[in-house]
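Enquirer: What follows is each chain in one-letter form.
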Amino acid sequence: MRIQRIFTCNAVLLAMAFAGPAAAWEPSKTVEFVIPAGQGGGADQMARFTQGVVAKHNLMAQSIVPINKSGGAGAEGFLDVKASKGDEHKIIITLSNLFTTPLATGVPFNWKDLTPVAMLALDNFVLWVNSETPYKSPKDYLDAAKKAGPGKFNMGGTGAKQEDQIITVAIEKAAGVKFTYVPFKGGGAVATQLVGNHVNSTVNNPIEAVAHWRSGKLRPLCVFEKQRMPYKNKVTETMAWGDIPTCREAGIPMDYLMLRGIFMPAGVSQDVVNFYIEFFKKVRGTAEWKKLMEDGAFNQSFMTGKEYADWVANAENVHRELMREAGFLAKK
Amino acid sequence: MEELNALFHGFSIALTPFNLGLMFVGIILGVIIGVLPGLGGANGVAILLPLTFTMPPTSAIIMLSCIYWGALFGGAITSILFNIPGEPWSVATTFDGYPMAQQGRAGEALTGAFTSSFVGALVAVLIFTFLAPLIANFALQFGPPEFFSVYLLTFCSFVGTGKGNPFKIIASMMLGFAMAAVGIDIVTGQLRLTFGFTELLSGFNFLVAVIGLFGIGEILLSMEEGLSFSGHGAKINPRIVLETWARLPRYWATSIRSCIIGCWMGIIPGGATPASFMSYGVARQMSREGNKFGTGQLEGVVAPETAAHAAGTSALLPMITLGIPGSPTAAVLLGGLMIWGLQPGPLLFVEQKDFVWGLIASMYLGNIAGLIVVLTMVPFFAAILRVPFSIIAPVIVVICAIGAYTVKNNMLDVWMIVVFGIVGYAFKKLDYPLAPMVLALVLGDAAESSFRQAMLISQGNLTVFWSNWLVGSLTTLALALLFWPLVTALRDRLRAPAPAAR
Amino acid sequence: MENNDESAHRAVRMVTMDVIVAALIFALGALVVYESNRLGSGWDENGPQAGYFPFYISLLICISGAVVFVQGLLKLKSDMKVFVTLGQFRQVLVILLPSAAYVLGVQLVGIYVPSAVFIGLFMKIVGKYSGLRSAAVGLSVSVIAFLLFEVWFKIPLPKGPFEKLIGY
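Protein chains in written order, with my numbering: chain F, 17 to 348; chain R, 20 to 521; chain U, 13 to 180.
If you are wondering where the hints come from, they were derived from the structure by calculation, not from laboratory data. All values derive from a computational prediction rather than experimental measurement. Be aware that a few hints might be false.
Simulated crosslink set (BS3-like; lysine-lysine; CA at most 27 Å straight-line) [claimed, not checked]: (1) U/K93 / R/K448; (2) R/K447 / U/K93; (3) F/K297 / F/K72; (4) R/K372 / F/K72; (5) F/K306 / F/K242; (6) F/K297 / F/K106; (7) F/K106 / F/K322; (8) F/K194 / F/K242; (9) U/K93 / R/K427; (10) F/K101 / R/K427; (11) F/K106 / U/K166; (12) F/K307 / F/K297; (13) R/K311 / F/K128; (14) F/K189 / F/K201; (15) F/K98 / U/K87; (16) F/K128 / F/K155; (17) F/K194 / F/K347; (18) U/K87 / F/K101; (19) F/K106 / U/K176; (20) U/K93 / F/K297; (21) F/K152 / F/K250; (22) U/K166 / F/K45; (23) F/K98 / U/K171; (24) F/K322 / F/K101; (25) U/K166 / F/K98; (26) U/K140 / R/K182; (27) F/K168 / F/K152; (28) F/K194 / F/K163; (29) R/K447 / U/K89; (30) R/K311 / U/K166; (31) U/K171 / F/K45; (32) F/K45 / F/K250.
Covered stretches of chain F (in silico footprint by chain R; criterion: 3 or more residues with CB under 8 Å from a CB of chain R, positions within the stretch not fixed) [stated by the list, open to error]: (33) 52-65; (34) 197-207; (35) 261-272.
Glycine is no exception: its CB is placed at the ideal position from the N, C-alpha and C atoms.
Take these sequences, add in the hints, and give me the full structure.
Expert: Laid out in structure tokens, this is it:
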């Protein structure tokens, strides 16, 4: 009993100490940064990068700790955040598995279970082939695939029924070809398989394949964007990211961008959300961030609030539609 | 001798007081991380990665890679002392290391483990230094069929000589495979064997299973035999290091084989864990004292440790030259490179000479520093066994619980170690071998995916496993190893004809 | 000989345990067979389906479980080897039950306090150490773990109300 009383006393004192004049909310302890993907992947890099710039530029009084929860194609991480309702010290970075995992597996979570904070950037997708092959344009490549017959050309990609396979199906629909889709565990492995000629093409993110492009092993054919990427600095001797044509120009009416956005648990106040929005604005303002964006040829859109929520809602519909067409929805 | 010049340049970069200091800090942190089960090299490097943003990239990679060496060294410590593998690649070290500790030979086992780790790393670094450009592209030859044949080879080299009730061996191994299959199926994206429980989404973690089966299981067994670890009262004397060194050259053949297996597995990249199992299996088959493996043979510690460290070190080669991570830790380092603004790949050697050769120089220095650090601690580690069991037992349970939790920050895993502990206890007493189970658990998933990827590419044609000289010889070698014991048994039976028997 | 009889009565025989475990393994295998059949255990145009490998794996589990079961049944009368005696089993429970209670504690109030209590009590009750020494060891393990994980490595471990009080 006595112990209990002491506790209540302490709690009251603590509450009084913190309930000063309505100051802006700030984290009072370490912030957990959940990554619903494995170590070393794109989302992981971005989260650890954030942790690093926070430490370097003192952007926050408390530290930020990335935690990988990659199980079940990311479901583990999302379910964890969903279950942490009201936790003001937990944020999560998303990739497309925010939409694809619940749709493909039926695991019960949805972005509406979370509080949208901000869109950090969008990740591009590029159609790559090995540079030893003669294909100079998407048309060359798709014609060859058509000629070879259905299933003869292999498309490597990350995971099954996720963004890479969705794009593959969209290409197939648009061009009237049929690939054999071969899923691998990570984007790095996919790019290497293409360099080693074990698959015919991939739809790697720019950052996953850029090293092989620069060393002359891979050739980009087109980017799945509405317009060309804005980066004009030469990446290889002759080409910049901006020189890669869009797939639309080549007659594949498909554009796809992957969300790199921040969410947090439901049931937190707007003050808290505002703190994190301001925080990520600061992160995006650093020179390091700008370099990362250019190296990885990211689309640097930034959105918050209703605009962001609307974008996410729309993206969910797009994914449901694409996955329904491809037959990837979980059987009920 | 362009490489030598570059290497000396590298040494001049790595040998600043600041970098040397970072090296020792890294090694010590790495050893701690390696000792704690669950907290692996990958976690350790990931955790400390952001702290290195304020340093120049070369210093940062020196410190981070030293954490990695430290973790490679450190993994063996708890394997030998308490039968708890601190890292996945030290599971095979428990097979003979722990029996040695039980016989009061912990110091010898530790010295053997550390020294052979060092030898493995040294060979790998030499290859790194002089042959990197030549063998860099070797990894590119490995597509799904090749990877599958490598996994097959690992299984076959390890299982070929199993002893005991064959049905119990099969049951144990298949249970491992079944556990490996739980979770998302990478090829179809379907959930498998989760029976609707979201807790099972991420499947059974290898480390959690091993902490439970080996660590907690061993505590239960020790309790049953009365309150003591049998290693109690081991003689602790710094001279044990020199005495062990005098014995080690005897195992030169095993060392060489293990170095080859390790470097090869690191480069392709197959990983340190399969390398350690494969090396142990091959050593057991080739050694004259192979039938005594598992009872506390120094050779049985030398083999997996040499290979694990050789693989762990050479895993950095495909990472630097091709941007393929050869191990989870390498994957994190790879992310680090990109964050520092360096692009891994063939151009790194040309564009970032200081960085690459600084790293290679730090591989030499870091491993020497690591060996000094861990060898001086051998008497201290061995002394831990003198702590009375009623203190050490609950402490081990606590460490196992922490370790299980840190694997994925999941409370269920902490419960799992208790369950796995009971399973480990019962299986050990009933002669179900645990090694095939953990091997299947660690490789099952990768083996199955590469098999199915190969089937996708070849459109269901099994001859893909003999489609070129590389994959063909690997597959054939694997099958030969699998049936070798049968062949020898048959030959022995033919040679010793009826009269002797009847 | 009386003694012998008694201990045989108060012990679990190896073969009994063998039969029980084999039955459990068989049941587990059967469960997986059922589940992988549901997933599709065939071979379609994309190669093996999701349940293909689990199906054959679990079939092998069932077969080996069944064989060990029968092997056990055949020896049920004759084999007298002891799996565990009552006394030994009690010893095992001495660590197993507190460990389970400890894990429950971790789930409820975080890891640090139960760790100190578990180590302290185990030392005091099983090891017969003085209260002071037991408390000292228990507390120092917890404090070291706290410093190592929460403070230096920034790895969050399970925490409860006690840790909240000091701001974690």
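Enquirer: Against each hint, give a clear statement of whether it holds in the structure.
Expert: Structure-based check of all given hints:
For the hint pairing U/K93 with R/K448, the CA-to-CA distance comes to about 11 Å; that is within 27 Å, so the pair holds. Simply put, R/K447 and U/K93 have alpha-carbon atoms about 15 Å apart, close enough for the 27 Å limit, and the pair holds. A C-alpha spacing of about 16 Å is found between F/K297 and F/K72, which places the hinted pair at or below 27 Å, so the restraint holds. The straight-line distance between the Cα atoms of R/K372 and F/K72 is roughly 26 Å, inside the 27 Å bound, and the hint therefore holds.
Our distance criterion of 27 Å between C-alpha atoms is met by F/K306 and F/K242, whose separation comes to about 22 Å. Using a Cα cut-off of 27 Å, the hinted pair F/K297 and F/K106 holds, with the two alpha carbons roughly 18 Å apart. Annotation: proposed proximity of F/K106 to F/K322 holds, straight-line Cα distance about 21 Å (limit 27 Å). Between F/K194 and F/K242 the CA atoms are separated by roughly 24 Å; this keeps the pair inside 27 Å, and the hint holds.
Annotation: proposed proximity of U/K93 to R/K427 is violated, straight-line Cα distance about 41 Å (limit 27 Å). Restraint check: the Cα-Cα separation between F/K101 and R/K427 comes to about 20 Å, which is no more than 27 Å; the hinted pair holds. Straight-line distance between C-alpha atoms of F/K106 and U/K166 comes to about 14 Å, which keeps the hinted pair within the 27 Å bound. Distance hint between F/K307 and F/K297 is fulfilled; the C-alpha atoms sit about 16 Å from each other, no more than 27 Å.
Restraint check for R/K311 and F/K128: not satisfied, since their Cα atoms lie roughly 61 Å apart, outside the 27 Å limit. For the hint linking F/K189 to F/K201, the alpha-carbon distance of about 25 Å falls within 27 Å, and the restraint holds. This hinted pair does not check out: F/K98 and U/K87 have alpha carbons roughly 54 Å apart, beyond 27 Å. Taken as a hint, the F/K128 and F/K155 pair is broken in the structure, with Cα atoms around 40 Å apart against an allowance of 27 Å.
Taking the CA atoms of F/K194 and F/K347, the gap is about 24 Å. The hint holds against a cut of 27 Å. Annotation: proposed proximity of U/K87 to F/K101 is violated, straight-line Cα distance about 57 Å (limit 27 Å). Annotation: proposed proximity of F/K106 to U/K176 holds, straight-line Cα distance about 16 Å (limit 27 Å). As the CA atoms of U/K93 and F/K297 are separated by approximately 71 Å, the hinted pair breaks the 27 Å bound.
In summary, the hint linking F/K152 to F/K250 is supported, as the alpha carbons are separated by about 19 Å, within the 27 Å threshold. Taken as a hint, the U/K166 and F/K45 pair is honoured in the structure, with Cα atoms around 11 Å apart against an allowance of 27 Å. Note on F/K98 and U/K171: the hinted pairing holds, with a Cα-Cα distance of about 19 Å set against a maximum of 27 Å. Between the alpha carbons of F/K322 and F/K101 the distance comes to roughly 21 Å, so the proposed pair stays at or under 27 Å and holds.
As the CA atoms of U/K166 and F/K98 are separated by approximately 23 Å, the hinted pair is consistent with the 27 Å bound. At roughly 42 Å between alpha-carbon atoms, U/K140 and R/K182 are farther apart than 27 Å, so this suggested pair is violated. The hinted pair formed by F/K168 and F/K152 meets the criterion: a straight-line CA distance of about 19 Å does not exceed 27 Å. Our distance criterion of 27 Å between C-alpha atoms is met by F/K194 and F/K163, whose separation comes to about 11 Å.
This hinted pair checks out: R/K447 and U/K89 have alpha carbons roughly 23 Å apart, not beyond 27 Å. A threshold of 27 Å between alpha carbons decides the hint, and for R/K311 with U/K166 the separation of about 44 Å lies outside it, so the pair is violated. A hinted pair counts as satisfied when its Cα atoms are at most 27 Å apart, and U/K171 with F/K45 qualifies at roughly 13 Å. As the CA atoms of F/K45 and F/K250 are separated by approximately 43 Å, the hinted pair breaks the 27 Å bound.
With 8 residues having a Cβ less than 8 Å from any Cβ of chain R, the region 52-65 of chain F passes the three-residue criterion, so the hint holds. Requiring three or more residues with a Cβ within less than 8 Å of a Cβ of chain R, the coverage given for the region 197-207 of chain F holds, as 9 such residues are present. Counting residues of the region 261-272 of chain F whose beta carbon lies closer than 8 Å to any beta carbon of chain R gives 0, which falls short of the minimum of three for the stated coverage.
Comparing the model with each earlier hint shows violations of hints 9, 13, 15, 16, 18, 20, 26, 30, 32, 35; every other hint is respected.
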